[in-house]
Amino acid sequence: MFELICNIALFVFLGYTYFTHVLEAKVPKAYIKNPNVLYPSTWPKVIIILLLICIAVNVYKIIKKNKGNPEFTFQAFGKNTLVFLKSRMFRGMVILFVMSLIIEPLGFVVTSAFLMFAYGMLLGEKKWWRLALIAVALGILLHIVFSGLLGVNLPRGTVPFLRSFSLFLENLV
Amino acid sequence: MSLGEMFVSGLSAVWGGGSMFLMVIVAIVLGTIFGALPGVSATMAVALGLTFTYTMGPVPAIVFLTAIYCSSITGGSITAILFKIPGVPSSAPTTFDGYPMAQRGEAGKALGIALLASAIGGLFSAIVMFLLSAPLSKAALAFGQGDLFAITFLGLSILVVLDTEHILTTIISGLLGLLLACIGQDPMAGVARMTFGQNSLLSGMEMIPVLIGLFAVTEVLKQTSAKKRLSAEDGVAGSKGRVNTKMPTLKELWGIKWVLLRCSVVGTIVGILPGAGATIASFMCYTMENKLSKYPEKFGTGIIDGIAASETANNAATGGAMVPLLSLGIPGGNAAAVMASALALKGVQMGPLLLTNQPEYLSATFITMIITNILMVIVAIGIAKVFAQILAVPYYYLGPIILLLAIIGSFSEGNFVGVSVMVIAGVMGIVVKYMHLNSAAIVLGLVLGGMCESHFARAFQSAHIVTHELNFGDHLAKVFGALFGNPISAVIMTACILMLLSPLYMPFVKKLRKAK
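Which chain is which? The protein sequence lines are A and B, in order. Just so we're aligned: the first sequence equals residues 1 to 173 in the working numbering. Just so we're aligned: the second sequence equals residues 1001 to 1516 in the working numbering.
Please note: incorrect hints may appear among the correct ones.
As the list claims (entries may be wrong) - Here are some, though not all, of the chain A residues that point toward chain B, as calculated from beta-carbon distances under 8 Å:
#1 THR17
#2 VAL27
#3 ASN36
#4 LEU51
#5 LEU123
#6 GLU125
#7 LEU150
#8 PRO155
#9 THR158
These aren't lab readings, by the way, just hints derived from the structure by calculation. Note that the coordinates shown come from a computational prediction; the quantities given were computed from them, not determined experimentally. Idealized CB from N, CA, C, for every residue including glycine.
Build out the structure end to end from the sequences listed, making use of the hints.
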């Protein structure tokens, strides 16, 4: 059922994109009047049309394949969704989304320590204090190695004292 | 530049005053460890290796990534033999004979064969790559825009034939990749397309975060829900985590000489095909050798022929994958696609002109592959000795560390959008899996999309049918002229169409064959 819903959602989204977002700015006049250049919307529109056809066929195939399957109902889908929402994979996704939100204000050191700690706990480490120590140490070490030694750009954060701390780490080497 | 001059230029590029050579050794160690760790594929190893290349120039970057790529494929055989768990998917057939040998107490011998066969396959394909890439790119220079479009399109169409059980979903995946590549300003007029108001998307979809998300983050998410993860306790009984690799005798090597030769050739050819890669090469060669063997019944019971077939083929595919990348700008596999993105990030224009204007890319890659394939044997022997310590790193540390490296890799250009794109791509990788889509096809479509559209637009522009008012018929005539206007593109496009339509006519062909 999940496969079917995703295919239908993709179909609707592509249909919406076709009519509203393929071109988002005016095409230069030189292009409109010239019959020998490819119009900017042609290529994506052809791809979307082909995709819509293929997805429609795929939806038909999924329905045909699952006819009579007791798991192929909205009730079963609801149950499976609840199971997924309680799964470790979903919690992992939430941790990643939180990480992507806090990385700009808090910077790499704090974010990496948070990610290492939260994900490590999720994956089954029971000694939280050891994990916390390693998470902080690793965040600092990676910042020093990549930002200080290798010159890779890493976020310092917008919170003043965290930014100063990142700069301090970079200047250590 | 002659082949001799290219060889010397490659040597000087890789030596680079010693620092570059040191970097290659670091890459080999990293690659072998990444490859040996279950759950870290060769593509993921290359994607994580990107993190280290941001401050390097384009040539050192490709040298570093090539060394990681080759050695990670070899590293995968260590866990395949000792744990029956392939470190990389292409080492899966190695488990069939490697693990039974290890159980018999011949783990050292199995590892020796695997390492030597890997080196032979890798060296063979590196030489083929060196000899084939330059003439191929020179030939491609004579191609018109329509021909170049046809070749790029061929790269995508081959994927459909390779995954015959999921043809429709593979086509959908390839098209999705092509559509993702359309996001941003169009290549000819510069008009914004499908950005949904996000200014950060105007320059197009950031490829590296997408690749890191699809290959690294998705894998960690999958492992998060896995019921059982690998631990050192799963190792071969009696090995106590230490194995002394034993190199095969000359007699043993002579006995498998045809296996090594055949699998080197087939592995290289499979590697050249876009999307095929090391995994298909190793399975194909294992099956082939089983059928050609004088003692097929012994395959799977622990014989050196099986290990040699699989490991020669998967390493031979590495050199093969670099041929279309360096000569035509078309990646021969996922890892090559990551390398193409890394070079694109550094402003390198991939395509036939690359080797004509900058032959050092080919010579440096060739020398790196030669050095890597020799040195990785020594490195892998060392790693096999201490593999228990490496594998003793529990996944609750390894998984988050992979994610941290992924963040560093995605934040390449100081852009927070990259991190968000990586997370979304990682989650989408899970959705892609449940939708039975093909992530390799999505990546290939994404990497080749821009090139495909530009070639097509130029071919359309130069098609010799000029009218003042284009109606639908004129449009079709112009498209037909662009794609079938000359013999090369006409032949390739016909082949592509036949491949893409194969799901429609193949059932009838099979019925006809059965009826006969």
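Can you list which hints this structure breaks, lowest number first? 9
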